[in-house]
Amino acid sequence: MAGVNIRSVAKTFGETQVLKRVDLDIRDGEFISLVGPSGCGKSTLLRIVAGLEQQTEGHILLDGKTVDRLRPRDRDLAMVFQSYALYPHLTVAENIAVPLTMRRLSTLDRSLMGGLLPAARAKRKDIAAEVDKVCEALSISMLKDRKPAALSGGQRQRVALARAMVRKPSAFLMDEPLSNLDAKMRVQARGEIAALHRQLGSTFIYVTHDQAEAMTMSDRIAVMMGGEILQLDTPDHVYQMPQDLRVAEFIGSPKINVVKAMHTKDGVLAVARGETPGQSIHAAFRPEAARLAGEAEAPLAGIIHHVENLGADLFVQIRLDGGDDLVIVRCDPAGVRPVIGDRTGVAIDHARLHAFGPDNRRIDGSFRLEAAQ
Amino acid sequence: MTTGSFVTSTLRHFALLLISAFSLLPFAVMVSTSIKPADEIFSDSVRWWPEKLALVENYSEAFSAAPLMLYLMNGIIVTVAIFFLQVLVALPAAYALAKLRFVGRRVAFGFVLFCLLIPYHAIAVPLFILLYFVGLLDSYSALVLPFTISVFGIFLMRQFFMGVPDDLVDAARMDGMSELSIVWRVMLPAAIPALTAFGVFSVVAHWNDYFWPLVAVSSDSYFTPPLGVMAFRNAEAGNNFGPLMAAATIIVAPLLALFLLAQRRFIEGIAFTGIK
Ligand SMILES: Nc1ncnc2c1ncn2[C@@H]1O[C@H](COP(=O)(O)OP(=O)(O)OP(=O)(O)O)[C@@H](O)[C@H]1O
Ligand SMILES: [Mg+2]
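Protein sequences appear in the order of chains U and E.
Its first residue numbered 8, the first sequence is counted upward by one per residue in the working numbering.
Its first residue numbered 62, the second sequence is counted upward by one per residue in the working numbering.
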């Protein structure tokens with residue numbers, strides 16, 4: 008068990024700066040997701056924590072102690088890779104046993120002679136018992152004698168998980184462990200990993216670019232972009248109180264609606280048309296914070312461009328007047344079905360309206376959106 | 062199959078057959094001569110199967126006229142020792158060149174490529190002088206040591222290791238393996254096809270090598286098979302080609318057996334490393 012502290016860690020590869028002084032304090036037993044678009048430096052940060060990559064600046068602390076100079080094997084962490092990285096020439100049981108044999112058996116024990124040493128035999132028996140227990144827990148006991156090539160993607164993922172678990176490390180690092188699974192398996196595995204975390208109580212650092220994975224499993228989410236952590240918060244807060252426009256746009260599906268507006272008077276935003284004199288503000292609202300309404304009472308109006316029926320939800324795309332901007336509104340499929348090509352207004356729940364300044368940062372306060380003058 | 066592709070495939074196979082017949086011909090002559098009595102070898106009519114079979118005579122003559130078994134043993138000792146030491150050097154070197162990041166890696170690999178261009182005959186004289194001063198001439202060491210570092214082996218294995226995923230190496234590091242354990246426990250098992258290919262190249266080259274053993278050893282207790290055959294020709298037997306060809310056949314046979322055994326893996330290995 009250990010907390011992980013990342014203290015202003017920076018990383019440059021040659022000329023390009025991949026991480027810009029990242030700070031992150033992860034509590035003991037916490038499930039943290041690092042989420043962000045491809046190439047934002049998530050894997051690099053995780054590999055620095057693991058010790059597989061050396062940071063250019065800053066420190067990593069495990070359980071309060073600096074580990075910058077320790078090799079990966081001495082950091083007491085386990086990692087699950089996106090490609091699972093199972094040893095192709097070893098059976099499932101042998102794969103899972105590797106972390107234990109490499110740590111507990113001496114070189115002599117591991118040699119051919121080892122079979123003759125009673126102490127080594129006893130250790131091997133213990134290891135086999137522990138491997139059995141982990142296989143049991145992940146229900147892969149029947150696969151123990153197979154080689155990785157003879158396993159499905161989901162089975163390989165479990166074996167990789169088992170290999171990480173068997174040593175009871177103080178923290179788990181996972182780099183997109185589900186991205187090679189099909190959609191259905193992914194949902195199932197998501198639940199299993201979350202359950203595993205509750206049961207083990209270890210620290211988990213989970214890298215993903217899938218915001219649904221981050222939202223469903225984590226205690227806290229760190230949203231990364233361009234080598235920085237933009238927001239570190241609980242899933243609820245990240246969704247409901249995004250501190251940055253880029254966070255708001257990254258989290259949530261379908262994407263949050265953003266319209267340009269002018270700050271006219273206190274707490275009132277007027278929708279901007281075309282060129283805006285002075286500084287504009289981004290007004291943002293999620294599809295479920297809006298509804299279709301009469302044009303007269305709504306700040307936004309346009310033509311219904313497309314209707315997406317997902318069964319439980321109906322997402323209506325509206326092309327706003329005076330531009331090509333689309334906004335998406337969630338409707339109840341039980342209600343009146345919108346017709347493509349009709350004109351409609353879009354009314355907004357102002358309690359759930361966010362405003363972001365020109366620097367993309369959140370502007371606190373309550374706002375109303377009004378139609379353009 | 063369309064008729065067009067049938068015709069081209071027939072033509073292709075015909076051409077291939079022609080080429081293989083051409084390269085098999087000397088072997089056929091060798092085997093055929095090895096079972097003929099002396100008078101038939103020099104008769105003016107060409108025949109593949111002799112009128113009077115001299116198989117037993119020629120082959121027993123081959124074994125009794127020279128210590129052929131000793132030469133074969135020497136050949137095995139030398140080629141196995143060379144291959145073993147080559148692997149011992151080439152695998153860690155190739156791993157470092159393929160998977161480790163260190164200053165001068167590109168330069169080091171450049172040197173490997175450069176050394177590929179140097180035929181060992183070019184450095185035979187300095188090698189000979191070196192061995193003379195160390196006092197190792199005329200020994201097994203003289204036959205083995207100059208070949209322990211095979212740049213071809215390093216190059217071949219490096220190309221193969223480039224294709225091994227980095228994640229596998231990182232997983233091994235997380236699992237607590239040292240870099241050398243990674244070489245022997247992760248990379249070596251993954252590299253069996255490439256190693257087999259390299260093994261065939263190495264064993265064939267050193268089994269057949271005539272030049273270096275001729276330079277390096279003088280007492281016939283260290284003779285390798287090709288030297289042995291030559292000693293045979295110069296012996297009192299004179300121009301007795303029957304036993305000579307019998308000896309040659311015996312010497313080639315292990316290579317053929319080895320190649321047939323390793324054939325599949327050999328082709329896999331070549332295909333894997335992209336050296337085609
Ligand atoms: N060894 C390296 N040498 C040079 N640049 C690198 C190296 N490793 C990563 N990078 C660069 O660092 C940036 C961040 O890479 P990283 O793998 O951390 O992204 P990521 O957030 O994990 O993306 P993804 O979701 O695609 O996995 C990328 O632009 C990448 O090209
Ligand atoms: Mg990544």
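Everything labelled a hint here was simulated from the structure, so no lab data went into it.
Just so it is clear, the structure is predicted and the values come from calculations on it, not from any experiment.
Hints may contain errors.
As the list claims (entries may be wrong) - 30 Å max Cα-Cα, derived DSS-like pairs, lysine-lysine:
hint: 1; chain 1: U; residue 1: K154; chain 2: U; residue 2: K132
hint: 2; chain 1: U; residue 1: K175; chain 2: U; residue 2: K191
hint: 3; chain 1: U; residue 1: K191; chain 2: U; residue 2: K140
hint: 4; chain 1: U; residue 1: K132; chain 2: U; residue 2: K191
hint: 5; chain 1: U; residue 1: K154; chain 2: U; residue 2: K130
hint: 6; chain 1: E; residue 1: K113; chain 2: U; residue 2: K154
hint: 7; chain 1: U; residue 1: K175; chain 2: U; residue 2: K72
hint: 8; chain 1: E; residue 1: K160; chain 2: U; residue 2: K175
hint: 9; chain 1: E; residue 1: K160; chain 2: U; residue 2: K27
Status of the hints after comparison with the structure:
1. For the hint linking U/K154 to U/K132, the alpha-carbon distance of about 21 Å falls within 30 Å, and the restraint holds.
2. Straight-line distance between C-alpha atoms of U/K175 and U/K191 comes to about 29 Å, which keeps the hinted pair within the 30 Å bound.
3. At most 30 Å may separate the alpha-carbon atoms for a hinted pair to count; U/K191 and U/K140 meet this at roughly 27 Å.
4. For the suggested pair U/K132 and U/K191, the alpha carbons sit about 38 Å apart, so the restraint of at most 30 Å is broken.
5. Taken as a hint, the U/K154 and U/K130 pair is honoured in the structure, with Cα atoms around 24 Å apart against an allowance of 30 Å.
6. Only pairs whose Cα atoms come within 30 Å are accepted, and E/K113 paired with U/K154 is rejected, the gap being roughly 58 Å.
7. The suggested pairing of U/K175 with U/K72 holds, with an alpha-carbon distance near 19 Å, which does not exceed 30 Å.
8. Restraint check for E/K160 and U/K175: the C-alpha separation of about 29 Å stays at or below 30 Å, so the hint holds.
9. Taking the CA atoms of E/K160 and U/K27, the gap is near 27 Å; set against the 30 Å cutoff, the hint holds.
In this structure, the earlier hints numbered 4 and 6 are contradicted, and the remaining ones agree with it.
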